[in-house]
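A.B. asks: Per the UniProt record's numbering, residue 1 is the first one in the sequence shown, and the count goes up by one each step.
Every clue listed holds true.
Beta-carbon label-pair distances, calculated as ranges: (1) M1 to V33: 38 to 48 Å; (2) I74 to L28: 12 to 22 Å; (3) W27 to I63: 11 to 21 Å; (4) V33 to G97: 44 to 54 Å.
To be clear, the hints were calculated from the coordinates, so they are not data collected in a lab. These numbers were taken from a predicted model, which means no experiment stands behind them. For glycine and all other residues, C-beta sits at the position ideal for the given N, C-alpha and C.
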Amino acid sequence: MLAIFWLIDTVIGIYIFMLIASAILSWLVAFDVINSSNRFVYMVGDFLYRITEPALRPIRRIIPNLGGIDISPIILILILQFANMLIQTDVRAAVMGY
1 MLAIFWLIDT
11 VIGIYIFMLI
21 ASAILSWLVA
31 FDVINSSNRF
41 VYMVGDFLYR
51 ITEPALRPIR
61 RIIPNLGGID
71 ISPIILILIL
81 QFANMLIQTD
91 VRAAVMGY
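Input sequences plus hints: build the corresponding full structure.
C.D. replies: See below:
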């Protein structure tokens, strides 16, 4: 059972990393630091978009427009961190026998 909790914790951590990478990549493309017509940059950006967009889209529908500032990745990271803390609390309770 602990292995399943560890796997879920690892997947959440990797997904948070992908959210951060997606946000940074979008900033770099928006400020023209990197060129999205480069095939590798396009492939990485497309992969990150396809992975993160299904989870961000419902949050973007709920949150009002803040004038070009997208805080949906931050909200999703907070939700994932909360879920991670719940899982860790359950693991500690299971190990300690509560």
